[in-house]
Each structure stands twice: as C-alpha cells, then as structure tokens.
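We have chain P; now place chains V, S, W, L and G onto it with these hints.
Protein chains: 6
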Amino acid sequence: MNFELDQTYQFFGKVDQTNPSSYDTYPINVTAEDGEKLIVRLPAGASVQLNKIYYFETTAIQFKEKIHLRADSYTIINQMILEDDRKEELMRSFYQYAPINLKQTRHKIEAILNQIENKVIKDITWNIYEKYQNDFYLYPAATKFHHAYISGLAYHTLSMMQLAEGFLTVYPFLNRDLVMAGVFLHDIGKVLEFDTFEGSEYTIKGRLIGHITMGATEIQMVAKELGYEDSEEAMLLGHIMISHHYHGNFGSPKRPNIAEALVVYFVDTIDSKICDLGEELAEVQVGQLSAPIGVLDKERYYKHSLTNIKKSE
Amino acid sequence: MNFELDQTYQFFGKVDQTNPSSYDTYPINVTAEDGEKLIVRLPAGASVQLNKIYYFETTAIQFKEKIHLRADSYTIINQMILEDDRKEELMRSFYQYAPINLKQTRHKIEAILNQIENKVIKDITWNIYEKYQNDFYLYPAATKFHHAYISGLAYHTLSMMQLAEGFLTVYPFLNRDLVMAGVFLHDIGKVLEFDTFEGSEYTIKGRLIGHITMGATEIQMVAKELGYEDSEEAMLLGHIMISHHYHGNFGSPKRPNIAEALVVYFVDTIDSKICDLGEELAEVQVGQLSAPIGVLDKERYYKHSLTNIKKSE
Amino acid sequence: MNFELDQTYQFFGKVDQTNPSSYDTYPINVTAEDGEKLIVRLPAGASVQLNKIYYFETTAIQFKEKIHLRADSYTIINQMILEDDRKEELMRSFYQYAPINLKQTRHKIEAILNQIENKVIKDITWNIYEKYQNDFYLYPAATKFHHAYISGLAYHTLSMMQLAEGFLTVYPFLNRDLVMAGVFLHDIGKVLEFDTFEGSEYTIKGRLIGHITMGATEIQMVAKELGYEDSEEAMLLGHIMISHHYHGNFGSPKRPNIAEALVVYFVDTIDSKICDLGEELAEVQVGQLSAPIGVLDKERYYKHSLTNIKKSE
Amino acid sequence: MNFELDQTYQFFGKVDQTNPSSYDTYPINVTAEDGEKLIVRLPAGASVQLNKIYYFETTAIQFKEKIHLRADSYTIINQMILEDDRKEELMRSFYQYAPINLKQTRHKIEAILNQIENKVIKDITWNIYEKYQNDFYLYPAATKFHHAYISGLAYHTLSMMQLAEGFLTVYPFLNRDLVMAGVFLHDIGKVLEFDTFEGSEYTIKGRLIGHITMGATEIQMVAKELGYEDSEEAMLLGHIMISHHYHGNFGSPKRPNIAEALVVYFVDTIDSKICDLGEELAEVQVGQLSAPIGVLDKERYYKHSLTNIKKSE
Amino acid sequence: MNFELDQTYQFFGKVDQTNPSSYDTYPINVTAEDGEKLIVRLPAGASVQLNKIYYFETTAIQFKEKIHLRADSYTIINQMILEDDRKEELMRSFYQYAPINLKQTRHKIEAILNQIENKVIKDITWNIYEKYQNDFYLYPAATKFHHAYISGLAYHTLSMMQLAEGFLTVYPFLNRDLVMAGVFLHDIGKVLEFDTFEGSEYTIKGRLIGHITMGATEIQMVAKELGYEDSEEAMLLGHIMISHHYHGNFGSPKRPNIAEALVVYFVDTIDSKICDLGEELAEVQVGQLSAPIGVLDKERYYKHSLTNIKKSE
Amino acid sequence: MNFELDQTYQFFGKVDQTNPSSYDTYPINVTAEDGEKLIVRLPAGASVQLNKIYYFETTAIQFKEKIHLRADSYTIINQMILEDDRKEELMRSFYQYAPINLKQTRHKIEAILNQIENKVIKDITWNIYEKYQNDFYLYPAATKFHHAYISGLAYHTLSMMQLAEGFLTVYPFLNRDLVMAGVFLHDIGKVLEFDTFEGSEYTIKGRLIGHITMGATEIQMVAKELGYEDSEEAMLLGHIMISHHYHGNFGSPKRPNIAEALVVYFVDTIDSKICDLGEELAEVQVGQLSAPIGVLDKERYYKHSLTNIKKSE
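Protein chains in written order, with the numbering used here: chain P, 155 to 467; chain V, 155 to 467; chain S, 155 to 467; chain W, 155 to 467; chain L, 155 to 467; chain G, 155 to 467.
So that you can see chain P by itself, here it is in the shape it has in the complex (with noise of 0.2 Å):
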C-alpha cells in the first residue's frame, strides 16, 4: 500500500515484533488483515503484546527520509465491543484456526450436553461450561502436536463425542451421561494450563500442577458449591479426569478404573493421532512418505493412491 504524507490510516495488525530505539518514538512490525506487512511507530514508554491483535489508528509521517506510521491510538481487541462473527473473521485473518465452524461445532455441543439425564452430571458439567465457555471455544489443544492451533480444542472434543457415539452404540453397558461429561470435561484444565489461546505457551502453574490437577480440583470445587461434595458422580468425574491419558509416564496418576474412563482415554488417544494423521497425510502427495510423525511414535505413513485426500496446494 501507498500512504500518504499526513493521511490517517486505520486497521487492524498483529503485533509481530518490537524494536528497541533511542528516539522518542519506536517502530513495531505489524501484520494488517490482508497480510501486508507494515511499520508503526509507537511513542516511547508505550508498550503492546507480542502476537495480539490491535486496532490502529495512524498517521503517516515522514521518518528519516521514509514514510511510516506513527500510532495515534491503538487498541487491544480484547478490550473492544465486537460482533461474534467480525471477531472471528479477525482471529481467521491473522492465526491458524481449527477447520471448523464454530456456530455449529458450539451447537452441536450444547446439544450433547444438553441430554445429560444424570442430575449432579449435568449440574456440574454445565456449571463448568458456563465458567469456562469463552475460553473453551478459543484455546487450542496441545501447544503442539495435535490440534495446536485456535479452537483446537472444541475441534477435538466434538470429533471425540462422535467417536463415543460408536462406542455407546456397541457397548450398551456403558452410562452416556458418565462418557459425554468425561470427553466434555477432560481437557478443560488446558485453559488454566495455557496462558493465552494465541500460541499458547505454558504457566508456571500449568507446569507445576498441570492442567488434570487443576481440572480434578475444579470439579472437586465446584461439586462443594453445588453441594455435591460427596457424590458418586463428583468421585467418577473425577476419575475420569485424573485417569485420562491412561499411563502414569504420561501424567495420569490413576488409571481407568471404571468403563467409562476407559473409553474417554481411547476417543481421546485415537482422535489425537488420527487427526494429526490426516493433516500430515495432506501435506503428502500419493506414492510418498510422511515424515515421522511424533504422536504416532515417529512413524512415516505412506500416501496410498486410495487415500480421500489432495495434497494442499
């Protein structure tokens, strides 16, 4: 783009880098909507967050010869009023995101939860959505290796809750309101354990207690609210949680004790690999190998020529 001397611009830009200076004002490289990169200068003193969005408004000034843009204001979207669908055709501009929509996927959800039959079930797993429904809908969930990307974690929880659907149907034993709370439940420690939805990273605590500690906690916690404190729902809920990834070496304290425990591991594990599976697949072209793929103990797949997949151009 052209600016032009003294014109006022104004967008929306990812925060890419800061750079330090001894003037009294400082330039930041800056990512606009449309993906051009540009340089704004920030008055000294004046400091933003690496990788989040801002609204600009600007200058253009004339800057040793050059024309840059000096920030007259700017905003964190946070902070703005926005509708659901401009906020996320914002995030869809700047970050990776989960190939799904979210209207549909929180629709789809809300239903399942919805037929929990189980009282304390519900109460408790509802009391937990509503809290954490924000964060639910934005955070990835892994920092890597699968599902690493925004609303991964919605992504993931739904593709488990179809995947349980098959389990209910085959093993009829097995109490639904018990495996759709566990699947809908056992990540939710991520949105503590992470410190932004962004390209997340992980907090001190999330290190320090890890998010199945802290997920056993609140539902620990909000059953005592609820009055629940010594029910037998509570109890498995919890132990579905805090027995989860199965293996000890793996953070899970306890293993499977009760059906249902085990089936949220196996939708858990199988969805984490497959999927991560198919998009490695799709950057493959037919007749290859993938290269090795951590979450399935580095192995390489081949790209049959009967795989439903084109490789991304």
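The set of hints was computed from the structure by calculation and includes no laboratory data. Among the clues, some could well be false.
If several chains are the same, the list does not tell them apart, and a pair holds so long as it fits within one copy or across any two.
Here are the simulated BS3-like pairs of lysine-lysine, each with C-alpha atoms no more than 27 Å apart in a straight line [to be verified]:
id, residue 1, residue 2
1, Lys359, Lys452
2, Lys273, Lys359
3, Lys206, Lys276
4, Lys378, Lys359
5, Lys298, Lys206
6, Lys285, Lys378
7, Lys273, Lys262
8, Lys285, Lys241
Only chains V, S, W, L and G this time, still in chain P's reference frame:
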C-alpha cells in the same frame, strides 16, 4: 432319567471323558442336550473325540447290577445332514456361545462386504470369505482372554465394523474399502491357527508360524491366483494384516504405516478390551471391584451404580 | 480365666469374628486386653464391627453345658470418654503400633511446624494440621510394605523431618518452610484414602482418586478459604504434593520441578525403605540373609556381625 | 586428462549428478573408471539414472570457452554383453564391494547347499536359489550398518555358514539340513525388499511388508508349487525365516521355537556385529577407541596392540 | 541286601538325611554305590555332612526287632587316598555328572592353553590354572539353569573353546591368546563363589562380591605377583572377565569394549543356552513342545521329527 | 601489559595452545595469573603440556615488528617446591575449583576417619587414605555432570559424610564405621580412572576396568597386605564399593545387600543431584526455569521466589 432295561434310547451328547477298561466295552461320560450326565459304553476299539457332539443310538443293559447304556451306533454331527437352525440349537446346548444371532450377524457382515467398491479389494476379500466362511462363523477369536467362545470371531468382527463406522464418519480421508476388508481379514488366520472351533487350542503350525503370517501368505496367494499379485491393493491388505497387533512384542513384524491399518488396530484392541470388560462387570455386584482383568493391564474395574448392566443370577 | 455362673464381668475386647446362629443369641470371638480369647454371646440382631475395640459388660450363663459370657451391654471405644494415656494403652494392647512415644512425637512435629516463618505456608499448614490431627496421629502410612501400623504416619513424618534437617544443613539454598510443610502435608491424603486407622484398607475413593490428588485438592481448597488461592506458596505446596512419588508409574502426575519437592521425595523414599529394612533385619539372625524385601527391589539383605540390632526373641 | 577439440573419447562412467539447463544440452557429473571426475553434456530430453554405470561415446566440443564432452551415445551396462570378469572389474571400480572372491564364494555356498540330504528341504532351497541367484550374489545384506556393499548378502551368508559349522560340531543334536538351508534362505527376501543392488533403498513394499514376511510367503508358495504345502519341512523353514530376528521389536513375529532357528539367529546376529566391528577397527590406530558402533549398542571399541589388523592407509 | 546279625559290612555311601534321636545312637539315611537305600546308626555326638560320600565300616546289630547297621568307623572320601579313576567312578555313582570324559577334557583344555604364545597371558593363565585346577574340574558352572552338575564348569569351558575356534577362523583379526585365555578364566571365580562342588550353593562372599569381581581381583593379584601389574595384557584379561555377562543387569560392570571380550560373551551365552536346550529336548517326545525353558526367555521349544536326539527312556 | 624490549619477565602461566612454526622458535598461547593472554615463543624442539601451569622466565624480543616474549626457561609447577597455600592460590587462578576451603575440608574428613573404632576398617581405610591423599584432595568427582572441578571429590565426600550423619541419627541400627569408611572409599578409584586432576579424562584402564572394580581390587589388595584378606570387614567394604551405583546399568555388578551399602548409595546419588541442582539454580533468575538438568532426568527446575540463592552476576 430312568432307563428301562432293553429299551433303546437315541440322543445327542457331548463326550466329556473316556475311561479305559479291560472289559470288552468301556464307559464314556456324556452330557446330553438337556444337561443330564450319562454313562455310555462303547465297544473296545471304538474311539470318539473329546469335546465333540455325537448322535448316539443306545440300548439299556445291565452291567454289574446297574443299568448302563450300550452304544449301538454313534455318529459325529459333522457327518450328519442337519438344518442350520437345528445345528446352531445343538451347539448352543453344548458349548459357550457368543451372545449374537448368527443369521443376522452373517447378514450384516455380508452387507458390509458387498459395499466394497474397489474391484481388487472386493475380489480378494470375497474369495477368502467364501473359502473360509463356514469356519469363520464358528471359530472363537481367541483361546482365552476375549471372545473365547463359539462364533466369537464373527461377533468380534461385526463389533469392529460397527466401531469403524464411527471412525469413517469423523475422518473422511480414510478409505472405507480398505478398512472394512481389513477388519474382515485381520483374524481370518485364526481358523488356521486353532485346531478346532470347540475348545480351541493352537496347532503346532499356529505356534510356529502364527495367524498373522499365515493370513498374509493367504492374501498373497489368493491375489496371485486372481492375477493381482503386484497390485497396490494386495500389498495394502497384506500390510494391514501384519501390522494389526501394532507392537512387535505382540506379533506384528511391522507397525501400521497407512492410516487404515491404524484404524483396524484401534478397533481390534478396543473391542478385545471393552467387550471383555463388559463381560467381567456383568459378574460383579454394584459397588464392587472386578477381579484383575488380564487384557486391561490387570487393573480391577469398579462397577458404579450408573452401570447399565445387572449381575446375572 | 474361670468364670462363675451368674457373676458379671466387664472388660475391653477386640472383635475377631462373628458367627451366625439360629439361636436368639449368637457367639462372637473376642480378644481381651490381656490376650485371652473369649466367646461372648450377643442378642440376635445386635451388630458389632470387626477389628474394633468394645467395652463389654457381661454375665456368665450356662449354654449347652458350658459357661458362656452373655453381653449385657457393649460400647465401641470411639463413643467413650477416655483419657489419652488410657486410650493409647488400650490400642497398644490390641493393635500393632509404631515404636514411638506419641506425646513426644506430637511435641516435636508441632515444634517444627511452629518454626515455619512464611505466613501463607504457616496458615495453610496449620489449618490442615488442626483439621486432621486426630487421624494424623492414628493412621498408618501404608496398608502394607512400610509403616503399616497405628501411628505409622506420624512416625514416618517425624523421621522424614529429621532426615530433612541434614539436607537443609548441607544445601543452604533450600527453603526450610517449604521442605517442612511439604513433609508434613505429603501423606495427609492417606487419612482420606484409608477407611480406618486399624487394619486399614483403601476406600473406593482412595482407589479411584488417591491420596495425591485428594491432598492437592485439599491444599487448594484450604488456600481458597484463606484467601491464598492464587499465591505462589499454595502452588508450590501443591506441586510438592503431586510430585512426591517422583515417578508417573508410582502415581505422581508431575516429577519434582523445584528443589524442595526433590528433597521431600528423597526423604520419603529413604524412610520408607530404611525403616522397613531395619524392621526386617531385626527378625534375622546375624550371619543370615533376610527374606526378599518388597520395597527394596526384592533384594535379600545380609545381617553382618557389625549390625547394631539384635534379633528380637 | 586433457581433451583435444573434436576428438572422440569412449569410457565407462558412473552418473553422480544431473544438472538442469535451459540450453539444448545439459551437463551431468560422471566419475570415470580411473576415478577422474568428468562433465558430459547430454541432449535435452535424454535421461540417465543416478548411480548407474554407462558406456559413453563422446566428442570434445567447445562450450563457453571451455572444452566439454558431448555424449554421442550412452548405454547402461545392464544392456551390454560383457564377460563376468569384466563386469565384476567394472563394478569394483565404481562401487564399494565385499572383500571376497565372488567365484569362490559361489562355489562354497553351492557345495554346502549340495550337501543337503532331506529331499523336501533340498528341493525348496534349490528352487529358490536358482530363481534368485543372480540378485543373491549382487545385493548387499543391509542398506546401512553392516555388509552394506555389493555382494554383502553372499559374503554374510557364507560367513554364517562357516560359523554354523562350529555349532553343528559342538551340538550334534542339531539338524544340518535345516541350519544350512535356513542360513541360505534367511535374508533372501532382501532382494525383494531393496530396489537395486547398488546404493540400495527400501521399496514401498519392503517398508510395508518387509523381507521377513515376503520370505515366508515365498517359501510357502514354492512349497505349494512343489507339492510340499503341508510338509513339516516347509513349516520349519518358514519358522526359521520369521524368527531369525528373535525379537518382536526387530521384526520377528515369532521367537525361535526350534533349536535350528535359534542357531540361525545366533550366527546372523554374530556376523552382523563382528564383521562390522572388524571393519571399524581397521579404521582405527592401535591404542585408540573406535567411534561409537551402531550395531554394538553404540559402544566404542578399543584397538589394543594385540589386534591382528592394521589401519588401512 | 540281607544283613546277617554280627557280620561286618564295608561300603561307600552318600549321606541323604540325619535323624535326631534320644538314644545313644541315631540313624542316618545313606545311599550305597549300587543305589540301595540303607540306614546306618552313628554314635550320638558324631556328625557327618549331608550330600557327602563316606566310607563306612559297619556291623549288623539288632535294634528294636530290626537289623540295623552300626557304624564302627566312617571316613569322608576327601581324606582318603584313592586313584583318580576310582574317585571319578565313585562320584559318577552318587552325583549328576557332566556327559564328558574328564581325562580327555583335561587333555584338550591343557593343549589349548599350551598354544598361548604371548608370554604375559600364558604366565597369568597357567598360574591361575595350576592354583585352581582341582576345583576347576569338579565344580559346576552354575547352581541351576545350565551345566549344574559335577564337572559342568570344565564341560562348559571346553565347549566354549570349540565354538571359539569357529570365530577365530571366520574373523582373523581376533587375537587367539586373549580369546582362549579369556574363555578359560571367565568363570574361574565360580570355584570361589560356590561353597562346594556337590550341590553347590552361593557363599555369602559369593553373594556380596560375586565371581566377576573376585575373578578380576584374582587376575590383578596374580599379575602383580608375576610383575605384570601394569601390563596391557593383564588389563585386557581383566576387561574380558568383567564384561563377559555383557549386560549391567546381569552383573557386568562394563560392556565388552574389545573384540575378544565380545567373542567370550557370545560363546558363553550360546553354550549356556544351547547345551541346556539339548538337555531339555532329550526329555521330550518328537512332535511335542518342551516345558518353558528358563535360559531361553521361557519359550517352549518344539521337537520336530528331524531332531538328532532320542528321548532317553 | 606493555613489555619493554630486552627486559626480562617472570610469571606463572597456563598453556592454552601451541602453534607449529617453521622458525627456530614457535609461539604458544598462555594465560597469566591475572588473566592476561600472552604469546610466548619456545625454542623449536621444546615441548609443553596443554592445560598445565608453568613458571616462565622470559625476555622481551622483537619479532616481525612486534614485541614477543622469548622463554629463557620454563618449569612445570609439579616440579617446583611451593607452599600449600601458594599452590592452591595458583590453581584457583587457573582452574575451576570446588567452593570449599581445602584445609578445613581435610580437617573434617580426617576427624571423621579418626572416629572409626573397628580396627580392621580403620587400618584398611587409613592405609588407602595415606596412599592416595594427595590426589584425593585434587581430583574432581566426575568429568562432567557433577562436581567436575578441582577438589570436587573431597567436596563431594564431605557433603556425603554430613548427609550420612542424619541417617545415623534416625536409624541407630546402622554401623557408623562401615558407613563413613564406605563413603570415603566409594570413589577412591576415580584417582586411578582419570588421567589427571585438571580437565580430567578417562584413561583406557578407566574405560575398560573402571573405578568400581579398581576400587574393589585395591581394598582386597590392601586387606591382604595387612593380613585381613579373609575378614568380614574387607568383604563388607568391598561390597559397599561395588554396589554403590545400585543399578547394574550404572556399573554396579551387585545391588546393595547390606544396610550400610544402601546408605552410601543414597548419600552419593543425593549429593550428585542436589549439589548440581544448586549450581544450576544459581545461574537462573527468580521466576524462570533452568535448562534441562542431565543428572535429574533432564527435568527443568523452577526457581521460585523463596529460593535462598541469588543469581551470580
């Protein structure tokens, strides 16, 4: 039952034990169709197989002050012409049986195999199906641990197909033909590995070669007969076969390296575990722990009050 | 003892066994304080708990040509007002007991907890101490393997504190408050995990959730009550709790990631092993090998002639 | 070498690299038989295979002030009629080669296979030998780690046979025919698993099925053709094949369960390790440690002063 | 045998059991050279060692209406002067014995040790050989699992030397002196580790130090005596000693790091396994599986019809 | 420093690098006591050892228009007579050093060894102490990972003794003499295993035999010299030596089988880990994670705000 001297009696019976004797007849223990335990005397030199069903024609005679049944003739049911329903009825009387309706199971499996579209896969699969279908619907899936009863293999196969449906829905990049043919074929080598469908034991060839390599050789031989020796499809089916135990320590010389092989592995391991878990929980009172379960790392599972299964009386 | 007909007898006794009967009284086996084995008859419909101590008031009656004791009343000691010394005396008569003086142990532990300087740590620790102190001084540290006797938990905790002193001397960078509070708290969840202090067994909740997660939730709940929910100290104590088994396979969802957690792990594992080793060697003659010791990788230890311990007679 | 303009030059050369060009000829890098590095220009559209030997007929031309060789014709040696000795001479010039005399090796292996007495074993073995002998004497035994050079498979096989002699002497209960046929057959699947004998790489079928299952299928197919499908001998040879890596993690679906299979495993693993060790020590000065050796658990071996091998200059 | 009252009887016998008595003589159970089970009465206060051979001079006396043999004298054979052949004959009568001719074995081992050319290796090896040769030819190679019979160590050593010949032929870079001396020395510490050659058990020193460290210390002490303390040869022999179990978990503090140590490990492990396998198969009928074999990962081995060994009757 | 032509300069310096030259002198890089980097010219043919401290007497000369220092003499400090304090001062200038006062450390260790009461243990320990004390106070405890600096071995040994005090207090059945002698002896083989105390590397003997077996042999040899060859004490000290790494995979041919050996193992592993952890945390800012720590399973440790250690500037 009371037997009258010199009367004749005809019945089906399973041979439980044979007892050597120095007389010119010797006694064998037989369970009749209604569960009654009988003693039948066979002529010295005659031989019957343990654990098999025979049709006995007998006469009640006096032997050392007791009434015994002397076999006038005996025919193993393999050599009799019986209607399917009568045959199934007989076997259900004498052996432990999968909890399925065999006719419906056969109908469903054939319907799924009929949906295979790829000609090479369809030809190979149906060729093997037709060759082994009699045994396929009779054999167990294992000699112990899981599905270790008559028709266990067909029961296990259908459950796996039903679970696989869920995977195909959630992950559309998977090839349905490979998954369903792979599920059908994966344990077909068991009909070669076990000596018989009732009270199966491993044959020496089963121990030294195993159902995985026997199955892979079978696929390759059939592919050669049909002119598909060098087809990608035969290779892929062979790969699904040899990788379906995933781990080298459990008999797979290769880990899954195509997505469909991974799915066959998952539905196999899931059904072997959860089907067995359901059967174990059926034996336990609500509020109690099961015995340690072999296929589930010897964990004891808790039967909570929300389990949809009652203890059988 | 000889009982005279129609005389009354009062005594404390532990219930060893109850024997159903079709009479209007039924006999129970009781061990008296002096070790004598008695038979007491209870009215049909009355119930007593196995392994518990009762105060019996009885009358000697004639029953089928023998003299039996008929219970006129019986009271479980939990419901009696007894002096501490008398209570301890009774329990020492009936149960296996840690080789400590309970009063001194309590005194020493409280002295150490009183030295905690950090207000947040002190408040959380004392709040939990006061809540659970009765059970804390009665419960064992394990149901088998090590410190599996009454007051085993307090004995184990004090030994750990004494070992920790050595670490604090050699490594001055360690924070004393965290180490000592961590040692006190580390097994507090055991009073929740076991059903009772005499002949402890795991509760279902103990099995499905476990003392580690229960302990971590307890710390977080108390911290919240005291307004320390987001304090670094609460997080660090929680981390010490969940990492004190070090290995995922032994129930810790996180390995130690602060120095003080590593120290708590070390003194815990050391005391569980060496205390048990000392008890095993006490049973062995000089010049002999012990039986394989479970907590020491099933190794057999040699009692050499320089060992400062004699075989108990 | 100096080339004179317009003169013609004929020579054998191995193609090292091809370089795209927009001219109507493009340059390729070629190594000549004497090791000289040449540049030859091919007509646009012509194609040659990397790593293969060609016979080039060229003319020296001027290209941008330098003298280049223009290919007037080029023929891959597979399509030329050459005497065996000349062929071996050429390959020794261009590729790394096993340190053996191929004629003697062939002679010794055939002599051993001729000593097989059991008709079934002899027929199966010779049938496979004759089918694959050309490749058998050219292929390496592995793509890396050990015997990864031309004729490596034959070299490895003969060493194993010589080691096996020692076993047959010390343990007379072993069956010589099974051991020697097993040694010959054990890696025959490698000629199917690798794409070519020079600079071998795994084919996709090699990766998805592997030489063990391919070899077992080959034995069974040949046995069937010869009417030995159900012979004990075919089963035993198949078992030796699939168990010769011993460990499931190394690709064997069964562990050895006959003595001769154990012997084949031992001489295979020994020769793969000690042959490689000898080659590594040949590169090391006396008094020094080797680099970590992959096939020997990454241990570094010491070359002491008593080693009967000098460092090659 | 019938004993006549007051007659004297002389015989060799092994003490099987001693039976305390309050009489002034007590009975012991003795097996005579011809296998007959006898009862001999010893004077109270006399003591004999279990499992040892004695020469008894006895008189037949009457004891409680039976005829017993009263020992007039008894001498342990260690203290008798007997010819070698007679000694071996006696031991073969009473104990399980390696299936070898001891004289020939000694002859062959000495011939091999005489071929050692390196003076340092020869001096150290012969010094130790001469010091321990009596025990060396009597001790077993293990207390159970393999070669657990008299002369087992010499039998095992010679088999290893014969296997090693094959290695030396195929891999000429190996130093023969180190290999053969290493084979002879590798288990010499067993004569120190076990308490006695008949029915060997570990001594306390054997358990706490072990034959590997005892052997290494022995080599170093002898080297020092001979003035070879700092020789490369003493170091290499010490290294072969401590690395011959290869794995740390099996008692080797170092893995092999010279080629000759690797060879000693291989021939040791091979002979311990295949010798035992041969002995197991000798007990099995053709067509049957052996019991699980401890030294072979508890695998069951199949005795096929081509096995060159008959079941002993 | 400025050097004036033809003036002489004397100084201590550590040789960092030598540079070949065709002149009749060649330059070497030297670090002086004050840290200055100098170039000194040595006569062709003269040789110095890298990493060692020398006393140089030099004259400033002109060399190619620069002033260089020509060495008129140079003496390695090993061959100079220097007071202890001066020697330590020099080494602290040139090498990384344990953070201890050497004189006090020596005093404390000797005091503890003087408290040994058992004559056999005392004689063996002091004999070895006197033989190796010079090296003992100079050598590191490892070449990397922990205590890898001068006097690291003495520092490590004293810390272990201090930790051991705590164990002796809590577990009175332990024998103090064995524990303290065991701690002193446990790593004495390191002075044999490393080539030199500055920048230690393993000798070949260190690699092939190792400090554990060398240490065990040393104890046995000294015991023999002192007439204690068959004493229980020598055996127990030998056992402590060989079991102090506990795990076979870490070089111990035996696991601890006496209580004192277990204690020596514990204080060894604890000090190697926590001492290193303290050093790592000293490098980290409060609120940050350390780098992955090798001796602590590559875990990253968090430096919380209560840590009693500041980041060194």
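Here is how each hint holds up against the structure:
In this assembly of identical chains, Lys359 and Lys452 lie within 27 Å of each other by CA distance solely across copies; the values are 19 Å between and 30 Å within a copy. Proximity of Lys273 and Lys359 under a CA criterion of 27 Å is satisfied inter-copy only: 21 Å between copies versus 32 Å inside one chain copy. In this assembly of identical chains, Lys206 and Lys276 lie within 27 Å of each other by CA distance neither inside one copy nor across copies; the values are 36 Å within and 40 Å between. For the identical chains of this complex, Lys378 and Lys359 are neighbours both inside a copy (23 Å) and across copies (16 Å), given an alpha-carbon limit of 27 Å.
For the homomeric pair Lys298 and Lys206, the shortest alpha-carbon distance inside one copy (19 Å) is at most 27 Å, but the shortest distance between copies (43 Å) is not. For a Cα distance limit of 27 Å, the shortest separation of Lys285 from Lys378 qualifies both inside one copy, at 15 Å, and across copies, at 17 Å. In this assembly of identical chains, the alpha carbons of Lys273 and Lys262 lie at most 27 Å apart only when taken from the same copy (20 Å versus 38 Å across copies). With identical chains, the CA atoms of Lys285 and Lys241 are at most 27 Å apart within one copy only, with a shortest distance of 20 Å there and 49 Å across copies.
The earlier numbered hint that this structure contradicts is number 3, and it is the only one.
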